[in-house]
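Chains as they are written, first to last, in this note's numbering: chain E, 242 to 380; chain Y, 242 to 380.
Incorrect hints may have been included.
In this list, chains with the same sequence are indistinguishable; a pair is considered to hold if it fits within one copy or across any two.
As the list claims (entries may be wrong) - Here are the simulated lysine-lysine pairs, DSS-like style, with alpha carbons at most 30 Å apart:
| hint | residue 1 | residue 2 |
| --- | --- | --- |
| 1 | Lys-263 | Lys-248 |
| 2 | Lys-268 | Lys-258 |
| 3 | Lys-342 | Lys-268 |
| 4 | Lys-268 | Lys-322 |
| 5 | Lys-248 | Lys-268 |
Bear in mind the hints are in silico, worked out from the structure with no lab data behind them.
Residues per chain, in single letters:
2 protein chains.
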Amino acid sequence: MFYNELKPGDAVPALVKEPIQKVQLIKYAGASGDYNLIHTDVETARSVGLPDVIAHGMLSMAFLGQFLSELAGAEGVKRLKVKFAAMVHLQDVITCKGTVKQVTPADGNRAVVTLDVWAENQKGEQVTAGEAEVYLPGH
Amino acid sequence: MFYNELKPGDAVPALVKEPIQKVQLIKYAGASGDYNLIHTDVETARSVGLPDVIAHGMLSMAFLGQFLSELAGAEGVKRLKVKFAAMVHLQDVITCKGTVKQVTPADGNRAVVTLDVWAENQKGEQVTAGEAEVYLPGH
Numbered sequence: 242m243f244y245n246e247l248k249p250g251d252a253v254p255a256l257v258k259e260p261i262q263k264v265q266l267i268k269y270a271g272a273s274g275d276y277n278l279i280h281t282d283v284e285t286a287r288s289v290g291l292p293d294v295i296a297h298g299m300l301s302m303a304f305l306g307q308f309l310s311e312l313a314g315a316e317g318v319k320r321l322k323v324k325f326a327a328m329v330h331l332q333d334v335i336t337c338k339g340t341v342k343q344v345t346p347a348d349g350n351r352a353v354v355t356l357d358v359w360a361e362n363q364k365g366e367q368v369t370a371g372e373a374e375v376y377l378p379g380h
Numbered sequence: 242m243f244y245n246e247l248k249p250g251d252a253v254p255a256l257v258k259e260p261i262q263k264v265q266l267i268k269y270a271g272a273s274g275d276y277n278l279i280h281t282d283v284e285t286a287r288s289v290g291l292p293d294v295i296a297h298g299m300l301s302m303a304f305l306g307q308f309l310s311e312l313a314g315a316e317g318v319k320r321l322k323v324k325f326a327a328m329v330h331l332q333d334v335i336t337c338k339g340t341v342k343q344v345t346p347a348d349g350n351r352a353v354v355t356l357d358v359w360a361e362n363q364k365g366e367q368v369t370a371g372e373a374e375v376y377l378p379g380h
C-alpha cells in the first residue's frame with residue numbers, strides 16, 4: 242500500500258479474525274501475563290454476573306496491532322491509541338477496520354498516514370476504537 | 242547437601258507445593274504449550290466425564306524438577322525419568338519426595354546420587370513416580 246494512493250476518508254483493507262475461542266484466551270493469558278480468571282474460567286466469569294468468559298480488552302487492541310502490521314509492516318507502525326468500548330465474548334467475530342484521516346509527507350519517500358481505527362463485532366458494534374499512525378512508502 | 246552424608250535408603254528433604262489452583266494451570270498451559278482444554282476449561286473437563294479440570298501430567302514432573310533443583314542446584318540435575326500414575330485435581334497438595342538408591346563417586350569431589358523420586362497427593366497416593374540422578378558435592 243502506498244501513501245500517495247490514499248486520501249482522507251478512504252477505507253483501508255479490513256482484517257477479519259476467526260471467531261473467539263476459549264483456547265485463544267488461554268494463550269493470550271500467557272502471552273499478556275493477564276491471568277484474571279474472568280477471561281479463562283467460566284465459573285469465575287459467572288460469579289461476577291457474566292454469561293461466560295470474556296476476552297481480554299487488550300486482545301482486540303492486539304488484533305488492531307496485527308491489522309496495522311499487515312497494512313504497513315511491523316516496523317511501519319508508529320502509534321496506536323485506543324479505548325475499550327464493549328466486551329468481546331466467545332464466538333464473536335472481530336473485524337478490524339480503518340479509514341484515512343490525514344496523510345503527512347515525512348522524511349524519505351514515505352508519509353505518516355493517520356487512521357481512525359476500530360475493531361467491531363459481528364453485529365457491527367465497536368468494541369475498541371482509536372487512532373493510529375503508520376508509515377507508508379510512496380511510489 | 243553432601244553425597245558423603247547419604248546412604249541407600251535415606252530420605253532427602255521433601256518439597257511441599259501449594260494447593261493446585263486454576264490460575265496455575267492457565268499459567269502452565271502457556272509455559273508448556275499444552276493447551277488441551279481439559280486442563281483449563283471446566284466445561285471441556287466435564288464433557289469427558291471429569292469432575293473439574295485436572296492438572297497437566299507434566300506439571301507434577303515439573304514439581305519434581307524443582308524438587309531436584311532445590312536439592313542439587315539446577316546444574317546438578319543429571320536425569321529425571323517418571324511415569325504418571327494418577328490424576329492431579331484442583332486443591333490437591335502435591336509433595337515431592339525421594340530416597341537414595343545409590344551413591345556413585347564421580348569426577349572431581351562429587352558423586353552421582355541415584356534417587357527414587359515421586360510426587361504424592363494429600364492422601365499419600367503417588368501421582369508421578371520414577372528415578373533421578375543428581376550430582377552432589379562431597380566435603
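For each hint, the structure was consulted:
Within a single copy, Lys-263 and Lys-248 get their C-alpha atoms no closer than 39 Å, and across copies no closer than 50 Å, so neither meets the 30 Å cut-off. Both within a single protomer and between protomers do Lys-268 and Lys-258 lie at most 30 Å apart by alpha-carbon distance, with minima of 16 Å and 25 Å respectively. Taking the shortest alpha-carbon separations for Lys-342 and Lys-268, neither the intra-copy value of 34 Å nor the inter-copy value of 41 Å comes in at or below 30 Å. Taking CA atoms no more than 30 Å apart as the test, Lys-268 paired with Lys-322 passes in both settings, with 23 Å inside one copy and 28 Å between copies.
Taking the shortest Cα distances, Lys-248 and Lys-268 never come within 30 Å of each other, neither inside one copy (38 Å) nor across copies (45 Å).
Hint check: violations occur at hints 1, 3, 5; the rest are consistent with the structure.
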